[in-house]
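Peer 1: Protein chains in written order, with numbering that gives the first Met the number 0: chain A, 0 to 239; chain B, 0 to 307.
For the record, the hints were derived by calculation from the structure and aren't laboratory data.
All C-beta atoms in this analysis are idealised placements derived from N, C-alpha and C, irrespective of residue type, glycine included.
Careful, some of the hints might be misleading.
[To be verified] Capping the alpha-carbon separation at 30 Å, the derived lysine-lysine pairs in DSSO-like fashion look like this:
#1 A:Lys114 to B:Lys298
#2 A:Lys212 to A:Lys114
#3 A:Lys114 to A:Lys51
#4 A:Lys25 to A:Lys114
#5 A:Lys85 to B:Lys168
#6 A:Lys85 to A:Lys51
#7 A:Lys85 to B:Lys298
#8 B:Lys298 to A:Lys51
#9 A:Lys212 to A:Lys25
#10 A:Lys25 to A:Lys179
#11 A:Lys212 to A:Lys85
#12 A:Lys25 to A:Lys85
[What the hints assert, rightly or not] Short derived list, chain A residues pointing at chain B, Cβ under 10 Å:
#13 Arg104
#14 Trp108
#15 Val123
#16 Gly127
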Amino acid sequence: MLEVVNVSKRFGGLVAVDDVSFQVNKHEVFGLIGPNGSGKTTMMNLISGAHKTTSGDIYFQERLISGMPPRGIFLRGVARTFQLVKPLSGLTPAESVMAGVVFSRNPLWGREAEKAAQRMLTRVGLAGRGHEPLSSLTYIDQKRVELARALISDPQLLLLDEWLAGLNATELLEGIDLIKSISAEGTTIVLVEHLMDAIRSLCQTCVVMNVGKVIASGETDSVLSIPEVIDAYLGDASDV
Amino acid sequence: MNLNTSIRWIIGVAIFVLLAFLPLLDEPYYLALAISVLTYGVLATSWALFSGPTHYISLATAAFYGLGAYTVGLGIESVPYVVLLILATVFGAALAFLVGWATLRLSGVYFVIFTLGLAEFIRQVITWVQNNFTGSRGVYVLTDITEQHIYWELLALAAVVALFGLWLKRSRLGFSLRVIGGDEVVASHVGIHSARAKILLFTFSGAVAALTGAILAPRLSYIEPSMVFSPDLSFQVVIMALLGGVHRLWGPIVGVIPFTFLWEFIAAVAPTQTVLLLGVSFLVIVYFIPNGIAGLLEKWSHKGGSRE
């Protein structure tokens, strides 16, 4: 479904992503993990088109998407959330969610779009709060709005960039269930995450990155027991 | 369309119809004031249609306005006036399209500076051409077009801008501009062609400003670059729109009316201090009423519990 082939990304002298390759199968929940600064978010930005690759190719459904603008990639069925929430100031939460469908592959407008937005808000746990001022929403609620905005376009591939980060224990369980239900409906998901429990319970396969490089990939349970992976994470933990 | 919107439409149409009879009062002073209000009203409203939702501040109003005025000034001897109005609109649209295409991919700050420089650039080019090749600094626009005609033309243009604004508010294009203003990265990730949407609106506001300049040219009777390409005009339009409030279609006009009267007063009392007072009023508005008079009115009506 998604194929990343020898992709590198340089920012000036810094190599953020270094010759990375992996493959995501249809209907899979795929984990992209690694310590801070390992290039996970850059990798997400390369897939969504926010950044251009320096070298290498990315294919989505056998078509080359690296080099396309984000709009073109979105129109092929790839939707995303952002690591740092990007709330749309001046829009209500309902309108923010609507924004995800008005210009999508299967566009809705007016009543239809509003109804769809209300359905999505309900799905992410914000039923009836679509017309509150954006400022009254907590950070977590804004993340929910962002997920609803990604879901409303009915994407084939959903990119979640640390969507679970910052949730409390109860919210985390709800969030994991929500992602499972999205996956059960047939959406392929790539998620960047730090929370090991979440990755264990969600991802069938994963890739571990460290300093821009892939250091391990495969089935989640076996990957997480590789000494090199444990080292990378322990290194990260001692930094904190 | 429910009862409420029907009533609004009737009120809106009634206001325009009533205003159309104003020249019949035969009061030259009030007619002159009304022309000023309409001029700034049209310029500020069309400016806000683009800059309001997107937060891209354009200081190019004078460039388009001057282009329109000069189109009429240079052509009036040989081309029918109506054709010149059309030409001015086309030139304004074409210039705005080019500028938009070249700059709207850049971030906001570069855009502001570029638009400010544009009016100055065109002014210098025309001054240079006139100094070196035509031998006279300005051009005469001598017609038999009266103040009344100019007033009616502006009123018609105001109606067109208002209708376009109403349509825009309900359209996908208008919605996409609000998303762009909210966060441009998100806009590009939800399928919005940001550059296209911005260029379209900027082109519209450029065309309107050029047409306004063309309509007013006969009133000026003598046009020279420092007059019609004055950066003061660009700043005044921004200040009036901000004073009124840019997030509502009727916002800018609410700012234009008091400001035009205030400006008449300042120009009469302290004609040499106008730029200083312009700057001070800008600071006061941005600091104390960032959402404009429209924002204040809405806040008060919400406090009164009459929320729609």
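Peer 1: Hint by hint, work out which the structure violates, then give me just those numbers in ascending order.
Peer 2: Violated hints: 2, 3, 8, 15, 16; rest satisfied.
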